[in-house]
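Construct all of the structure, not just a fragment, from the sequences and the given hints.
The listed protein sequences derive, respectively, from chains Y and W.
Each residue of the first sequence is one higher than the one before, counting from 1 in the numbering used here.
Each residue of the second sequence is one higher than the one before, counting from 1 in the numbering used here.
No lab work stands behind these hints, which were simulated from the structure alone.
Backbone N, C-alpha and C fix where the C-beta goes; we use that ideal spot for every residue, glycine too.
Please note that a few of the clues may not be correct.
To be verified - Straight line, CA to CA, 25 Å or less: simulated DMTMM-like cross-link-like pairs of lysine to aspartate or glutamate:
no. : chain 1 : residue 1 : chain 2 : residue 2
1   : Y       : K136      : W       : E308
2   : W       : K393      : W       : D160
3   : Y       : K523      : W       : D300
4   : Y       : K162      : W       : E308
5   : Y       : K136      : W       : D300
6   : Y       : K523      : W       : D298
7   : W       : K393      : Y       : E73
8   : Y       : K162      : W       : E135
To be verified - Derived CB-CB ranges, DEER-like:
no. : chain 1 : residue 1 : chain 2 : residue 2 : range
9   : W       : D300      : Y       : A26       : 15 to 21 Å
10  : W       : D117      : Y       : G78       : 35 to 41 Å
11  : Y       : F164      : W       : R374      : 22 to 28 Å
12  : W       : A212      : Y       : Q436      : 33 to 39 Å
13  : W       : E391      : Y       : D428      : 43 to 49 Å
14  : Y       : D432      : W       : A212      : 33 to 39 Å
15  : Y       : R165      : W       : Y335      : 25 to 31 Å
16  : W       : E391      : Y       : P92       : 47 to 53 Å
17  : W       : Y335      : Y       : E109      : 39 to 45 Å
18  : Y       : H103      : W       : R374      : 23 to 29 Å
19  : W       : Q84       : Y       : P439      : 52 to 58 Å
20  : Y       : A26       : W       : T107      : 56 to 62 Å
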Amino acid sequence: MPQRYDAIVIGGGHNGLVHAAYLARAGKRVLVLERRPRVGGAAVTEEIFPGFKFSVFSYVVSLLRPEIIRDLELPRHGLEILPLESTLTPLPNGDYLAMWSDHDQTRRELCRHSARDAEAYDEFGQLMHHMAMAVKPILGMVPPDPTSLSPGDLLGLARLAKHFRRLGERHFHALCKLMTMSSADFLDEWFEFDGLKATKAASGIIGTFLGPRSPGTAYVLLHHYMGEIDGAFRAWGFAKGGTGAISEAIAAAARARGTEIRTDAPVARVLVKGGRATGVALESGEEVAASVVVSGLDPRRTFLQLVEEPELPADFVGDIRRYKFRGSSGKVNLALAELPDFTCLPGVGPHLRGAISISPSLEYVERAYDDAKYGEFSRRPYLDIVIPSMIDPAMAPPGKHVMSIFVQYAPYYVNGGWDDAKREAFGDAVVDTVAQYAPNIRSAILGRQVLTPADIERILGLSEGNIFQGELSLHQLFFLRPAPAWAKYRTPVRGLYQCGAGTHPGGGIMGASGRLAALQVLKDWR
Amino acid sequence: MLKVTPFHPRTAPLAQGQAWRRWAGYVVASSYELLHDREYHAIRGAAALFDVSPLYKYVIGGRDAVRLLDRVVTRNVAKCRVGQVLYTPWCDADGKQIDDGTISRLTEGTFRMTAADPNLRWLHRNAAGLDVTIEDVSERTAALSLQGPNARTILQVAADFDLTGLKYFHLTSARIRSIPVTISRTGYTGDLGYEIWVDAAQAVPLWDALIAAGTPYGLTPAGMLALDVARIEAGLLLIEVDYISSHRAFIEAQKSSPFELGLGWTVALDKEQFNGKGALLGEQRRGAAWQFMGIEVDWDSLERLYAEVRLPPRLPTVAWRASVPIYADGGQVGYATSGGWSPLLKQYIALAHLESAFARPGTPVRMEITVEHRRKQAAARVAKTPFFNPERKRGGGGGGA
Ligand SMILES: Cc1cc2nc3c(=O)[nH]c(=O)nc-3n(C[C@H](O)[C@H](O)[C@H](O)COP(=O)(O)OP(=O)(O)OC[C@H]3O[C@@H](n4cnc5c(N)ncnc54)[C@H](O)[C@@H]3O)c2cc1C
Numbered sequence: 001m002p003q004r005y006d007a008i009v010i011g012g013g014h015n016g017l018v019h020a021a022y023l024a025r026a027g028k029r030v031l032v033l034e035r036r037p038r039v040g041g042a043a044v045t046e047e048i049f050p051g052f053k054f055s056v057f058s059y060v061v062s063l064l065r066p067e068i069i070r071d072l073e074l075p076r077h078g079l080e081i082l083p084l085e086s087t088l089t090p091l092p093n094g095d096y097l098a099m100w101s102d103h104d105q106t107r108r109e110l111c112r113h114s115a116r117d118a119e120a121y122d123e124f125g126q127l128m129h130h131m132a133m134a135v136k137p138i139l140g141m142v143p144p145d146p147t148s149l150s151p152g153d154l155l156g157l158a159r160l161a162k163h164f165r166r167l168g169e170r171h172f173h174a175l176c177k178l179m180t181m182s183s184a185d186f187l188d189e190w191f192e193f194d195g196l197k198a199t200k201a202a203s204g205i206i207g208t209f210l211g212p213r214s215p216g217t218a219y220v221l222l223h224h225y226m227g228e229i230d231g232a233f234r235a236w237g238f239a240k241g242g243t244g245a246i247s248e249a250i251a252a253a254a255r256a257r258g259t260e261i262r263t264d265a266p267v268a269r270v271l272v273k274g275g276r277a278t279g280v281a282l283e284s285g286e287e288v289a290a291s292v293v294v295s296g297l298d299p300r301r302t303f304l305q306l307v308e309e310p311e312l313p314a315d316f317v318g319d320i321r322r323y324k325f326r327g328s329s330g331k332v333n334l335a336l337a338e339l340p341d342f343t344c345l346p347g348v349g350p351h352l353r354g355a356i357s358i359s360p361s362l363e364y365v366e367r368a369y370d371d372a373k374y375g376e377f378s379r380r381p382y383l384d385i386v387i388p389s390m391i392d393p394a395m396a397p398p399g400k401h402v403m404s405i406f407v408q409y410a411p412y413y414v415n416g417g418w419d420d421a422k423r424e425a426f427g428d429a430v431v432d433t434v435a436q437y438a439p440n441i442r443s444a445i446l447g448r449q450v451l452t453p454a455d456i457e458r459i460l461g462l463s464e465g466n467i468f469q470g471e472l473s474l475h476q477l478f479f480l481r482p483a484p485a486w487a488k489y490r491t492p493v494r495g496l497y498q499c500g501a502g503t504h505p506g507g508g509i510m511g512a513s514g515r516l517a518a519l520q521v522l523k524d525w526r
Numbered sequence: 001m002l003k004v005t006p007f008h009p010r011t012a013p014l015a016q017g018q019a020w021r022r023w024a025g026y027v028v029a030s031s032y033e034l035l036h037d038r039e040y041h042a043i044r045g046a047a048a049l050f051d052v053s054p055l056y057k058y059v060i061g062g063r064d065a066v067r068l069l070d071r072v073v074t075r076n077v078a079k080c081r082v083g084q085v086l087y088t089p090w091c092d093a094d095g096k097q098i099d100d101g102t103i104s105r106l107t108e109g110t111f112r113m114t115a116a117d118p119n120l121r122w123l124h125r126n127a128a129g130l131d132v133t134i135e136d137v138s139e140r141t142a143a144l145s146l147q148g149p150n151a152r153t154i155l156q157v158a159a160d161f162d163l164t165g166l167k168y169f170h171l172t173s174a175r176i177r178s179i180p181v182t183i184s185r186t187g188y189t190g191d192l193g194y195e196i197w198v199d200a201a202q203a204v205p206l207w208d209a210l211i212a213a214g215t216p217y218g219l220t221p222a223g224m225l226a227l228d229v230a231r232i233e234a235g236l237l238l239i240e241v242d243y244i245s246s247h248r249a250f251i252e253a254q255k256s257s258p259f260e261l262g263l264g265w266t267v268a269l270d271k272e273q274f275n276g277k278g279a280l281l282g283e284q285r286r287g288a289a290w291q292f293m294g295i296e297v298d299w300d301s302l303e304r305l306y307a308e309v310r311l312p313p314r315l316p317t318v319a320w321r322a323s324v325p326i327y328a329d330g331g332q333v334g335y336a337t338s339g340g341w342s343p344l345l346k347q348y349i350a351l352a353h354l355e356s357a358f359a360r361p362g363t364p365v366r367m368e369i370t371v372e373h374r375r376k377q378a379a380a381r382v383a384k385t386p387f388f389n390p391e392r393k394r395g396g397g398g399g400g401a
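See the structure below:
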């Protein structure tokens, strides 16, 4: 088998592409093998209905690392992140809560609901700023192993310890609370207005099989503040051309540095000889050799499907088997003849350029979770809605619109299993929920795509449809992601690495896993 | 009282924060929305509409029009074809820059010149003995700048003219919803864009026509704050900010030559005679003492400086206009005059005057930044401008949406 490549990356998700681009930048010959006809994985734009383009799965960006944007010169390859400015929460009593990018405007709006909350909001923002500063270094580091005595790990741990000592008592305590409490409890300490708490808490449950009252959901609140301290400025943004444009820009950057990308090229097996990865076998039977093989798939696919079990230590296989997915989210994409007209804020306005959150109260969101706990999709789900065509008109024909609805909860293990009828019933529940607040939505729909966790698994290969390649819960983060002792992108098979969202720092369109893995691979190469 | 432009009846109601800026005795919007980000992103992502009416505009005609212009500016106007636009600086007798602007050849014998400063007197002084007419049409002619990737599509919807053939730095006359206009493929953003020149009396209907055509394509009225970020990304200099007109400078050191401003390419030394030619010839032979270059501030360095005081980097969200020292080796080697955070490139960029020895792209330098009241130096690199130069700026054809 002639060896033409230094490295093979399995899976052309955005992390795999970032990884490939960094290796190529260091002069390696890289081949990316993607199963689907297009790259991007969960970050893809597809024209589902003629003229209507959708960010089919992931729809907003927050944490895409600015250093990746600079290092790979992504703007030159077409990347542009547009600000997503506001969040509108329609309320059952016909009123609404709106949060704008202008601080004074938001305060005035909060005041309408609670003058105390308006004041608390600033203080809360300050605390979250400190918390974000506290965890930021973690996002950018290869996780040190706390049980290891190697100098590298000790140094990493010492640095972390010093960093946390500098936090000061008050902030350290706040951080501990944030790491352990439920988002509902944490927010109860700060605010009284239910609509505000529910909208903030909702962001803490995205991608998890947990409710706002489940412990451990509070720290995800932090994500919203991370963007503000690293030069992204805004918590949330929207990629011009949809999230697929991000993947395309990264792919272009990788190609410009000589990376070869093959689509429609599903990998069947990682070839292992004497405990060392030597290449891959495609489903077509073709074999390709390389010194290093890097998987961008989730840990279950990588270790339980692509690698023969005897190559792996039993403990490790057990850890991977126990690694939790429990997909809980669905997606509904609508092609619209006209904009939704919200009863609480009629007509076209800036509120349609931001997120629209169906999260009127904590109880509402917790009840949505109750349905899921007992194996049903939420009758009245939490929805995170954006209308990308309002921000980037090229997403839809002139005057027409596309709406992206992220839905929770839709459990992967639904009673009776997912089938076509259940998928449509789920889609109906979502549209009915939107129609409660924007009654014209039903007649505006020109096309509807409904994606259940089963669909997400089938299309993308994300196990159990978990959007983050495994739950972002504390026992699956940092040096525990995906398994203790194997959080440094290495695996028990020499020359086999992992670079997907199933590794630290985890899911979301961040690129951080792909980049950190590349730094590790390059370090080991020497 | 400051003047308002002919578009004021439309722009005034849009100014949510009443944020106005002065420009040549007029007021124009700094930003219409409370924050200027969306206006900025419209330039790079869809299309933005700017009121650029305060520009000074002169129509120059008569038998000796070419001779006059060729005497005044550094570019070769005789070579300018009808329908072509030249960007050009002009200099005093010492080869120091007075102003910069554009010259459009409207017909064989008439030109329109735009300028940042009033230049009527200067033109008249240079016209001595020539058969020319010089008319100041600044107030009579209103102008809009339509910039961004969707600019062509929008204009195509509104105009009766096929724009696909209109090349970069060329112009044409056309009608927009029956309003006679001149459209030039020019702008101050470094992106695909057009400027539309119209009789002031028709300004409001023109605005309405463009807004109607452009809204489905994301057309957004935008102000000077957004423009300032874009023009820095494009590496375009601004008089009174990046250089001082030699007519206004109090001392020699305040003056710059086109060579020192990165405009050497506009100096047609093969022309028979023009203001400053002798001095510029000499300077070309010697090599310019200064260069005008881009600066890219290193993020990690910035982050480290702020980490010392336990803050995340404070980034200028609005472009700054100030003189900021640039250092290399032991001492100061130049100064930046404009800078800011590029939301597109996720990079802190600046435009700077550098001693020629330190001006090669890639040269490591340091830029002064003030971190919590203390002066620090952030690592930076000299960079070529434009920082952002999309293919669509010059590219032709196609819908371009
Ligand atoms: C519905 C949904 C909504 C989301 N919303 C957001 C959001 O708004 N914002 C956000 O930041 N994040 C969001 N996420 C999460 C985010 O999109 C993912 O965490 C991220 O895209 C994961 O990227 P990745 O490269 O690690 O993996 P993936 O995107 O999963 O890439 C893996 C790739 O491997 C390919 N592959 C699978 N098997 C094989 C094989 N055998 N051979 C070759 N290739 C194979 C797949 O086709 C895929 O392209 C969302 C995810 C989903 C599913």
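Consistency of the hints with the structure:
For the suggested pair K136/Y and E308/W, the alpha carbons sit about 15 Å apart, so the restraint of at most 25 Å is met. Between K393/W and D160/W the CA atoms are separated by roughly 22 Å; this keeps the pair inside 25 Å, and the hint holds. Under the criterion of a C-alpha separation no larger than 25 Å, the hint pairing K523/Y with D300/W is consistent with the structure, at around 20 Å. At roughly 14 Å between alpha-carbon atoms, K162/Y and E308/W fall within 25 Å of each other, so this suggested pair holds.
Annotation: proposed proximity of K136/Y to D300/W holds, straight-line Cα distance about 14 Å (limit 25 Å). With a C-alpha separation of about 23 Å, the suggested pairing of K523/Y with D298/W holds against the 25 Å cut-off. With a C-alpha separation of about 18 Å, the suggested pairing of K393/W with E73/Y holds against the 25 Å cut-off. At roughly 71 Å between alpha-carbon atoms, K162/Y and E135/W are farther apart than 25 Å, so this suggested pair is violated.
The hint said 15 to 21 Å for the Cβ distance between D300/W and A26/Y, and at roughly 18 Å that hint holds. At about 38 Å, the CB distance of D117/W to G78/Y agrees with the hint of 35 to 41 Å. Between F164/Y and R374/W the beta carbons are some 26 Å apart, a value that agrees with the proposed interval 22 to 28 Å. At about 34 Å, the beta-carbon gap between A212/W and Q436/Y stays in the expected band of 33 to 39 Å.
E391/W and D428/Y have their C-beta atoms about 46 Å apart, which keeps the hinted 43 to 49 Å range intact. At about 36 Å, the beta-carbon gap between D432/Y and A212/W stays in the expected band of 33 to 39 Å. For the hinted restraint 25 to 31 Å between R165/Y and Y335/W, the CB-CB distance of approximately 41 Å leaves it violated. For the pair E391/W and P92/Y, the supplied restraint of 47 to 53 Å holds, since their beta-carbon distance comes to about 50 Å.
Evaluation of the 39 to 45 Å hint for Y335/W and E109/Y yields a pass: the beta carbon distance comes to about 43 Å. A C-beta distance of roughly 27 Å is found between H103/Y and R374/W, which places it inside the suggested range of 23 to 29 Å. For the pair Q84/W and P439/Y, the beta carbons lie near 56 Å from each other, so the given range of 52 to 58 Å is met. Distance hint check: the CB atoms of A26/Y and T107/W are about 58 Å apart, consistent with the given range 56 to 62 Å.
When the structure is compared with the earlier hints, violations turn up for hints 8 and 15 and for no others.
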